[in-house]
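*Asks:* One-letter residues, chain by chain:
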Amino acid sequence: MRKVVVTGIGPATPVGIGREAFWSSLVSGRSGIGAITRFDPEGFPVRIAGEVRDLDPAEFMEPKEVRRTDRFVHLALAAAHLAHRDSGSPALVPERTAVLMGTGIGGITTLEEAVRVLVERGPDRVSPFMVPAMMPNAAAGHVAMALGLTGPNMGVVTACAASAHAIGEAFRTIREDRADVAFAGGADASITPVSIAAFSRMGALTKNPDAESASRPFDRGRDGFVLSEGACVLVLEEEERARARGATVYAEIAGYGATADAFHVTQPEPEGLGAIAAMQAALAEAGEPAEAVGYINAHGTSTPLNDAAEAKAIRKVFGEHHAAVSSTKSMTGHLLGAAGALEAAATVLALHDGTLPPTINLEDPDPECELDHVANTSRKEQVDLALSNSFGFGGQNAVLAMKRS
Amino acid sequence: MDRAEIEQKVRKVLAEQFAFEEAQVTVESRFSEDLDADSLDMVEATMALEEALGIRIADEEVQEVKTVGQAVDLAASKLGVPA
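Same order as they appear, the protein sequences are chains A and B. Each step along the first sequence adds one to the number in this note's numbering, with nothing skipped, and position 327 is 311. Heads up: take any position in the second sequence, counting from 1, add 13, and you land on this note's numbering.
Derived by calculation from the structure, the hints in this document are not laboratory data. Each residue gets a CB set at the ideal place from its N, CA and C atoms; glycine is no exception. Honestly, I wouldn't trust all of these hints.
Unchecked claim - Just the calculated beta-carbon pair ranges, DEER-fashion: (1) B:Glu41 with A:Pro193: 57 to 63 Å; (2) A:Val249 with B:Val40: 53 to 59 Å; (3) B:Ala17 with A:Asp38: 54 to 60 Å; (4) B:Glu29 with A:Gly132: 26 to 32 Å.
Said to hold, decoys possible - Keeping only pairs whose Cα atoms sit at most 30 Å apart, straight-line, the calculated DSSO-like set for lysine-lysine is: (5) A:Lys48 with B:Lys91; (6) A:Lys48 with B:Lys79; (7) A:Lys48 with B:Lys22.
With these hints in hand, go ahead and build the complete structure from the sequences.
*Replies:* Structure follows, in structure tokens:
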């Protein structure tokens, strides 16, 4: 059976751009949340978010391309180029290189602008670039165009689990010999007036105005997630190819579990049954028992329902065995369709570096969320097997199992 | 507005649209070959010219326009400025 390893990590996130800045923020427990600057949030019930700062898309794209694409594609291309560089910029065989990019929402900035123009100025003023800029598969298409990659290519759309599914499906694509290399990840850029208003109306966002302490997964004081933007792409590579070219191998992707709750469009199934089945499937594919898992990067959104159901699911799968658990969303906020790839990157780096990133703001752990928390400061611990959990609105669950290599 | 002013405005708008320096956009420039404009670029550039010059250009009229000079001619005729 072909093995699949991670050889490149490209984060463009609120906690850092590029692998080193990203990882240094996570292990030092630094929050990337701040006041919204993407638009004027005066009059909005929520005025904090996790924004990607100091990223000039022109560094990664032609100026004309910048103008005709949405911000989620800018972030996706930045992440893909960063991942490619981090993997040593290897020569790629175009038809043997896949691209799978997730997004939760796609080009909502573009859509909002088009609706405004339509209403204020009429149908013949709507941009001809509206459709290609907003469509959720635009990121995967542009990554292929930028790097000249002609292998399997698609957008993956499972809300907050999208980029975990993208990595899982890319892992299978390589394992099943349909490609040797894959760029897999996701991007979202939905810090927009409509998006902030709509997520607020759902009651999904925290009302806590204090940016750095607002995201507090598993804490008794949690009351919703912090919306963030960003992208993350991993370079996955067939192991023998990676070793032969002397690549840095961060970790192995060993298993992938994908399930549905079939319960409710936004609420998690309260017993965590879909999450349990996904964790078990990922472990089964990795050929490892639950006792071998040393670390779990939780979905941990900081909503009351998610964290309680996820904690229950983890206790059910692991029983008396205590794997260390943390939610890096405490620092990054919720990047929606980019969250799964960001958290897979954090998990891979935890295995590679022997350091488990913390859940910050965990001051008063909720007894309903009892777990072996890596609370507030990172923990030096070399683990050999780790899981990354991702659960999407729609009831779609993806769990990745990763091994130290 | 005289013809020279129209030409200057058209070149300025098109340079912005296609991400070129204004000096690189001349009346001889061909949209497809020299300015790398595809059909969607042409739709957007037409909208930008309409706004900048306060004119309306039909889709069929755009299909005949292959060079910046032809775009200047079209704009000038819309504005009633002799060639």
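*Asks:* Run through the hints listed earlier and report the numbers of any the structure violates, in increasing order.
*Replies:* Violated hint (a single one): 3; every other hint is consistent with the structure.
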